[in-house]
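Got chain A; can you put chain B on it based on the hints?
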Amino acid sequence: GQNIDQPTEMTATEGAIVQINCTYQTSGFNGLFWYQQHAGEAPTFLSYNVLDGLEEKGRFSSFLSRSKGYSYLLLKELQMKDSASYLCAVNTPLVFGKGTRLSVIA
Amino acid sequence: DSGVTQTPKHLITATGQRVTLRCSPRSGDLSVYWYQQSLDQGLQFLIHYYNGEERAKGNILERFSAQQFPDLHSELNLSSLELGDSALYFCASSALLASGNTIYFGEGSWLTVV
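Going down the list, the protein sequences come from chains A and B.
So for the first sequence, the numbering used here puts the first residue at 1; every next one is plus one.
So for the second sequence, the numbering used here puts the first residue at 1; every next one is plus one.
There may be inaccurate statements among the hints.
As the list claims (entries may be wrong) - Label pairs and their computed distance ranges (CB to CB):
{"hint": "1", "chain 1": "B", "residue 1": "Trp110", "chain 2": "A", "residue 2": "Lys81", "range": "20 to 26 Å"}
{"hint": "2", "chain 1": "A", "residue 1": "Thr44", "chain 2": "B", "residue 2": "Asp71", "range": "23 to 29 Å"}
{"hint": "3", "chain 1": "A", "residue 1": "Asp5", "chain 2": "B", "residue 2": "Thr20", "range": "33 to 39 Å"}
{"hint": "4", "chain 1": "B", "residue 1": "Asn77", "chain 2": "A", "residue 2": "Ala106", "range": "30 to 36 Å"}
{"hint": "5", "chain 1": "A", "residue 1": "Lys81", "chain 2": "B", "residue 2": "His73", "range": "31 to 37 Å"}
{"hint": "6", "chain 1": "A", "residue 1": "Gln2", "chain 2": "B", "residue 2": "Trp110", "range": "25 to 31 Å"}
{"hint": "7", "chain 1": "B", "residue 1": "Trp110", "chain 2": "A", "residue 2": "Gly58", "range": "17 to 23 Å"}
Treat the hints as calculated values from the structure; they're not laboratory data.
Cβ atoms here follow ideal geometry from the backbone N, Cα and C, with glycine treated the same way.
Same shape as in the complex, but just chain A (with noise of 0.2 Å):
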């Protein structure tokens, strides 16, 4: 089976930064991807990670530890609009945690 952990829910401040935790137990591992969900929305593709390392994309970057089934999501220079949900994902077919709802406040 597969179990994906993270946070329900948190608040950051508009400019600052936000890591965002998702630890993970899969009985093969295939990969992690991040995706980002507005609500009533479809969720939109952030990274992909399969290695262990960082991977940086702009603002958002995303770490991996496989030999910790860990891996981190991390925004910087926090805008209102990314107030949304983050969800983290495994393997193909992708199976989603039940995503970290993200509020920015100003």
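Only chain B this time, still in chain A's reference frame:
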């Protein structure tokens, strides 16, 4: 716009009824996935088709079935509907079968069972 098209966008139906949700994948994508998202369960994988063949099943109820047609569009059939089936149903597609392929989601079909 992801390129994945789903119809209808909204659907209201009564308990016991049957509905069909339709999905057209991105041009050239051979894989189609169906997901169900309800408030308390998050995004749940239902089923995966690749080039017309079923490849993986997730938490799909026996009352639900799907197929992928030769033109690669897919349909999800939901029958004997119950109130608890009310959810947002997403279709997603990807180019290949290989691991690590990004999947792209459609806008979803909102199903309300009354």
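Against the structure, the hints:
1. Trp110/B with Lys81/A: 20 to 26 Å: holds (23 Å)
2. Thr44/A with Asp71/B: 23 to 29 Å: holds (26 Å)
3. Asp5/A with Thr20/B: 33 to 39 Å: holds (35 Å)
4. Asn77/B with Ala106/A: 30 to 36 Å: Violated, since Asn77/B and Ala106/A (Cβ atoms, about 46 Å apart) do not stay within the stated range.
5. Lys81/A with His73/B: 31 to 37 Å: holds (33 Å)
6. Gln2/A with Trp110/B: 25 to 31 Å: holds (27 Å)
7. Trp110/B with Gly58/A: 17 to 23 Å: Between Trp110/B and Gly58/A, where Cβ atoms are some 31 Å apart, the hint is violated.
Hint compliance for this structure: hints 4, 7 are not met, and every other hint is.
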